[in-house]
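Novice: Chain by chain, the residues:
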Amino acid sequence: MNPASTPKIVVDAVGKIFGEGDDEFLAINRIDLSVAPNEFVSIVGTSGCGKSTLLNMVGGLTEPTFGDVLIDGKPVTGPGRDRGFVFQGYSLFEWMTVEGNILFALEKSRMGKAEKADLVRQFIAEVGLAGFEKAYPRQLSGGMRQRVAIARALVYKPSLLLMDEPFGALDAQTRGMMQELLLKVWEDHKVTVLFVTHDVEEAIFLADRVVVLASRPGRLKRELKIELERPRRYDIVTSPEFSAYKRDILADIREETLKVMALDRG
Amino acid sequence: MPKSSSIAQTAAAGRIDRRQRRSRRGLLRLRQAIPDSVFNSAGFVVPVVLVLIWWAVTALGLVKPLFLPSPLAILEEAWRQITTGILLQDASVSIYRILVGWLSAALLAIPIGILMGNFRLFEGALEPLISTVRYMPVVALIPLTILWAGIGDEQKILILFLGTFFQMALMVMDNVKTIDINLIRAGQTLGFSNTEILWRIILPAALPAIWDTCRITIGWTWTYLVVAELVAAQSGLGRRIMDAQRYLATDTIIFGTLFIGLLGLLTDYAFKRTGRSLFRWTGNR
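So the protein lines, in turn, are chains A and B. Positions 15 to 280 (this note's numbering) are the ones given, in order, by the first sequence. Positions 837 to 1121 (this note's numbering) are the ones given, in order, by the second sequence.
Just so you know, these hints were derived from the structure itself, not from any lab. Backbone N, C-alpha and C fix where the C-beta goes; we use that ideal spot for every residue, glycine too. None of the hints are false.
Which residues of chain A face chain B? A few of them, derived with a C-beta cut under 10 Å, are: (1) Asn-70; (2) Pro-93; (3) Gly-94; (4) Lys-122; (5) Pro-151; (6) Arg-152; (7) Ala-167.
Build out the structure end to end from the sequences listed, making use of the hints.
Specialist: Here's what the structure looks like:
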């Protein structure tokens, strides 16, 4: 197999059972997924479809009960510095400055002090936070905090970026700006991105491919290649192609939501 | 103030300033802000009014001094204790006991609480035991503490320790548990080991809350002082109060109680101030 066609991530018949005994429940049932190098893949689904669990398994934070997750062909055994993680909420180290948070991520990197300082400066500038180096997270807005989180997850040059509803807590305007920023960073650094969200529009706008998960247990419902030209502008969401994608995915999600509601009632 | 009046002029532009008209009814609106000056002076007014009532009741001879001596008598008692050196002696003995009792409780409770908060095994092993013991009345343990620790300082310190340790361990456990799991996950993805995550992420993240627990628990240690000095104490602020009971020296009792309260308040204030400057990043004023 030539290296270009080796997938970055392979999720091979992965299942996950939470709890034990009577509390046992199947969160994910046999998901197969393959992500190419530098691909941007969004995962959407109703709440409780196991999308975060899937992401955590790729990140090595949760162990699959069945199957394997492979990164660059090697099975995942735990978290590692080949992957960067951005979480939804307040996952910054509050007692460190913006600079300190990003520098902390470089602590395990083998490089000189000056080199680290340069990298920190470069990433702060890239996410548009120049001038806020000495600020503490508490002093920043939600959008700025997530900029720090993105810089912290990328500064040590992982080849894979995992994002768990990173913009979920932001207001609509800020979210739009952050999506554009993320696309710019992704295009500059050429990393593979796995992006979990419940916002269908966000999923389409960002991704090369959208994966829709079915609920209870979580499994693959549909994979949709998004063939919108790049670089993408914010107004692409009003185009007919975009609307068509959105209609398809919304129909899938609605079907799942109705199914879940029926389950809850019965 | 010229600045605020010019703001008012700009904003009002010839209209009536409604702030005055509203101010009286406005003090009792649900969850609404009131002027700082009113808020702060209210805290002074209440104790001052209470002392005035107290003074009036005693000056008019409505109650006998045996039951309630006048505020002046309390001040005289304070002066007597200060000039004879009794107060300094009592206070230093009691503060020493509080410090040793609380510190030994804290030195044990903080690591144990941290272990319980981080490792389910420790929580499962210790939580049921500690939860039970903490409901046992400390006063009831006095006979046992005398058997085990004699009637010296050790027994007093043991009482203070018992009154503090169990509550504190559970509170520290909660402090550690409430930190965001994503901080730990972030540490794991950045390649830090469990020990590094414990020392460099969990501990600093939980430290402001643990500090607050220290502040609250040392307040409780103060309230146990009288219990600790109930038996076989020669001196101490609590002992002074118990002795006064025998001679019906009501002024000594009241002064002693107020003074312990005052020391507790000062401790609390010191912890608050230190915490604020240690943990500026929390943004608490």
